[in-house]
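Asker: With chain A's structure known, arrange chain B on it following the hints.
In order, the protein sequences belong to chains A and B. Quick note on numbering: the first sequence equals residues 1 to 154 in our numbering. Quick note on numbering: the second sequence equals residues 1 to 154 in our numbering.
It is possible that some hints are incorrect.
Below, a list of computed lysine to aspartate or glutamate pairs in the EDC-like style, where the Cα atoms sit at most 16 angstroms apart [unchecked claim]: (1) B:K66 - A:E51; (2) B:K53 - A:E59; (3) A:K91 - B:E78; (4) A:K66 - B:E51; (5) B:K72 - A:E51; (6) B:K2 - B:E94; (7) B:K149 - B:D30; (8) B:K65 - A:D54; (9) B:K91 - A:E78; (10) A:K108 - A:E78; (11) A:K22 - A:D55; (12) A:K108 - B:E94; (13) B:K138 - B:D33; (14) A:K72 - B:E51; (15) B:K15 - B:D140; (16) A:K149 - A:D20; (17) B:K150 - B:E68; (18) B:K65 - A:E56; (19) A:K66 - B:D54; (20) A:K53 - B:E59; (21) B:K108 - A:E94; (22) B:K66 - B:E78; (23) A:K149 - A:E68; (24) A:K65 - B:D54; (25) A:K65 - B:E56; (26) B:K43 - B:E56; (27) B:K91 - B:E5; (28) A:K65 - A:E78; (29) B:K66 - A:D54; (30) B:K15 - B:E31; (31) B:K22 - B:D55; (32) A:K69 - B:E51; (33) B:K65 - A:E51; (34) A:K65 - B:E51; (35) B:K69 - A:E51.
Not everything, but these chain A residues come out facing chain B in the computed CB check (under 7 angstroms) [claimed, not checked]: (36) E68; (37) L85; (38) Y90; (39) H125.
For the record, the hints were derived by calculation from the structure and aren't laboratory data. Virtual Cβ for every residue (Gly too), placed ideally from N, Cα, C.
2 protein chains.
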Amino acid sequence: MKRCEWCNLSEEDKKYLLSDTKYWTVYLADEQDYIGRCIIVLKRHCGSLPELKDDEWMELFLLIKKYEKCIKTVFNAEHCNWSCLMNSFYKSPEPCPHIHIHARPRYKNPVVINGNTYLDNNFGHHYSSGRTEQMCSKEDIQTIYGLLKKWLNS
Amino acid sequence: MKRCEWCNLSEEDKKYLLSDTKYWTVYLADEQDYIGRCIIVLKRHCGSLPELKDDEWMELFLLIKKYEKCIKTVFNAEHCNWSCLMNSFYKSPEPCPHIHIHARPRYKNPVVINGNTYLDNNFGHHYSSGRTEQMCSKEDIQTIYGLLKKWLNS
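Bound conformation, chain A alone:
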């Protein structure tokens, strides 16, 4: 759809593409407040979960399975928070929502990337939905991206 930003991602937006399947693409999130945080985006314009087709819903299940296995294997995540919210679209007087699913891995133990230690300070509690102070360097994000991409495509 022409006026949908998610249908028209720039090359810059796509720089952290992890996986591209029949119906979905998976991107590493720019914000790595939870190490390995990803967004799963439907490849066609569709505004809500009930409007998904059965095949899209089933492929989403395969991706959830693969992604959870990946972050548990690569970063020793304990579990994963899944959400489909779409709130920001509704700030507009003419909302044009595009289905995407957030995956936030949660960590009991510290994660070490290039010698930097990352803690999940609210493990056992709701994820922090605001901007957090703990931010990854570009180098560490690149490392996370490389490790996940390698695992997902091997």
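Answerer: Here is chain B on its own, set in the frame of chain A:
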């Protein structure tokens, strides 16, 4: 499972049962910070989304479709926030997670129940995950429950 609270809900816990299908039960949440807020609970003990069976995943899809249609029809909800988090289980040294999905309807317009007006004060933004001041009376919760149950079972 014996030590899982979600496998052993009391009659009191089940008082707001809305729907009981082959694999899932749907309960109106005690907290109605978002009018019509529900929890969809798997009927067998299972700790994460990847461990669901295909049939369970497909029935969840049917429930999502039915529930969104219901809250849009009955309360004029704009859209719905879906999440599968399971954080609280991980406070325990021996976590025993049991799959459940949260549904929070979101409202552009006020909802009036028994003459009381409820606003979604953070519409267009992330839901409030803490306790909110806006709480429903027992009478209003009973009315919400009655309306949703009637729609879902008609």
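Asker: Tell me, in ascending order, the numbers of any earlier hints that this structure violates.
Answerer: Violated hints: none at all, because every hint is consistent with the structure.
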